[in-house]
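Chains as they are written, first to last, in the numbering used here: chain A, 1241 to 1474; chain B, 222 to 578.
Quick caveat, the hints were computed from the structure, so don't treat them as lab data. Wrong hints could be hidden among the right ones.
What the hints assert, rightly or not - With a Cα cut of at most 25 Å, we get these calculated SDA-like pairs of lysine to any residue:
| id | chain 1 | residue 1 | chain 2 | residue 2 |
| --- | --- | --- | --- | --- |
| 1 | B | K323 | A | E1369 |
| 2 | B | K315 | A | G1421 |
| 3 | B | K398 | B | W470 |
| 4 | B | K315 | A | F1383 |
| 5 | B | K323 | A | G1364 |
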Amino acid sequence: MMGASLADASSAWNAVILTVQLATVTTVLLLCLATPLAWWLSQTSSRWRAPILAFVTLPLVLPPTVLGFYMLVAMGPQGWLGQWTQSMGWGLLSFTFTGLVLGSMVFSLPFAVQPLQHSFASVGQRPMEVAATLGARPVDAFFTVALPLARPGLITAAILTFAHTVGEFGVVLMIGGNVPGQTRVLSTQIYGHVEAMEYAQAHALAAGMLVFSFVVLFTLATVKRRWPGVGAGA
Amino acid sequence: MNRIQLSLRRAQFSLQLDVQLPDQGITVILGSSGAGKTSLLRCVAGLDRADQARIEMGGVLWQDDQQGVFVPTWQRALGYVFQEASLLPHLTVKQNLTYGLKRIGSRTPMHSLAQAIELLGIGHLLERSPAGLSGGERQRVALARALASQPRILLLDEPMASLDAARRQEILPWLEKMRDELHLPMLYVTHAANEAARLGAHMLVLEHGRVQAQGTVSEVFANIDQALGAGEDMGALLQGTLVERHADWHLCRIAFDGGELWLRDSGLAVGQSVRMRLLARDVSVATVAPQHTSIQNLLSAVIEAVADDDHPSQVLVRLRVGPSAVLSRITQRAWAQLGLQVGQQVFLQVKTVALVA
């Protein structure tokens, strides 16, 4: 919506917009992916559950640089992802906004999946059984019963993913580089200012981030009080 | 035609049965906990899957493993009321009621929503949230919700188990109303013999996953070969009609097939049909008509069968009063000293009679 004004906006403003865009796109896409995954994890007794759960949790313990490094390699001209995107005619994803979205999604995966999974588990089997006895087919029951009942988890997942994406640095630097208007988000912008000894500008952005993070956590705590289930497992 | 044949094996437990159910009225499934009652109901609903089963309800085949037929729960025309409150907490009472109604597919509606709401007296609760309802109100809403989904059979899994005694008394009349006003077969799981006596028409006694006895409630309650596990509560069930109220004595006279009994007047109207339980321990046997006794309920009967009771000092005697069956628990010693025999004509003194409905 602000694409037209982007070109002549200040670089700081540029970075803010890009950050918000990245966080929004990542949150929306990741929730679409994490919701079915979390549902599956909360319901299944498959032997694949444990390895997949471990894989989903991996970004929580790995240094972002390790994650970013592997993603960079995968997206590069020799990587499997890069080969595929090239064969599809999309070029390479590294140092692009799309690549950044992909990296952010992987990076925030546990923050989206875990609250949802705990919410689904605490809802339990009974409401879904009730829905089935009332004639709701499984997909219908999922959208009309399981998902509304897991709303606290959904809200938590969205807030955490958004905030976590805004705050990411390592992954961005590894796969995004620092391309203005493309991949230069707030965190890398601040890094750039510090490198250039522009402490005043760095201060302004850093303070903004600080306030933003506080507001997010404060909101989360407020929501948590209204719906006790929010934040479970986060 | 309603027929359930199934076999289910679990590590600690197996369920094996083949039963036919009447097309209307309540069939009570009575058994102690762990007898397999809930498993049976869940298999009928398709919530659990029996290993081998053939389930046919109202002429529709729901499951037949030999033909590879398994209709999922959501496509089975059933209503299910769970033991504990199971209203969808994110919906209002009204939204709960319409949830099933919106999803009846091609079933022809038999009970309108308004009818279900009226039948269970929940009109004043429609805008409320389930969290704000009492236990009894929740179960009434759950019953109405099950009805509104246009079932061809109603499955009730101890719907009163989570309620205290007072709430049970509050909900029983609604269940009786449903039984009397709807032409709908119901499977009612319970471990309480008195609920079975009050609500049931047909009855199935389940023990360790096997059917121990089945038939009409009166038949099953008068069955002395298969102890119901009722112990002290062992007794016959009689269906009768109130024919007279005696204002001076505060008594009422109830006629049943084969005789009459005087009961304490509980305010019921003449012509009302009632069910009475005669506990075996309250019925004594005499070879000549007793006189000068305070027990005024005297019946003429024929000894039909005798069986050992739980305690070796006692026997259970089944007697015919006209076409009805009555049980009496007496001592071995009395049986021997009176020289009682099967086929003998005797007199019964009934100390107390309980009205169950």
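Going down the list of hints, with the structure as the test:
For a cut-off of 25 Å, the pair hint linking B/K323 to A/E1369 stands: about 17 Å separates their Cα positions. Our distance criterion of 25 Å between C-alpha atoms is broken by B/K315 and A/G1421, whose separation comes to about 52 Å. Among the hinted pairs, B/K398 with B/W470 is inconsistent with the structure: their alpha-carbon atoms are about 31 Å apart, more than 25 Å. With a C-alpha separation of about 19 Å, the suggested pair B/K315 and A/F1383 falls inside the 25 Å cut-off, and the hint holds.
With a C-alpha separation of about 24 Å, the suggested pair B/K323 and A/G1364 falls inside the 25 Å cut-off, and the hint holds.
Of the hints listed earlier, those the structure fails to meet are numbers 2, 3, in rising order.
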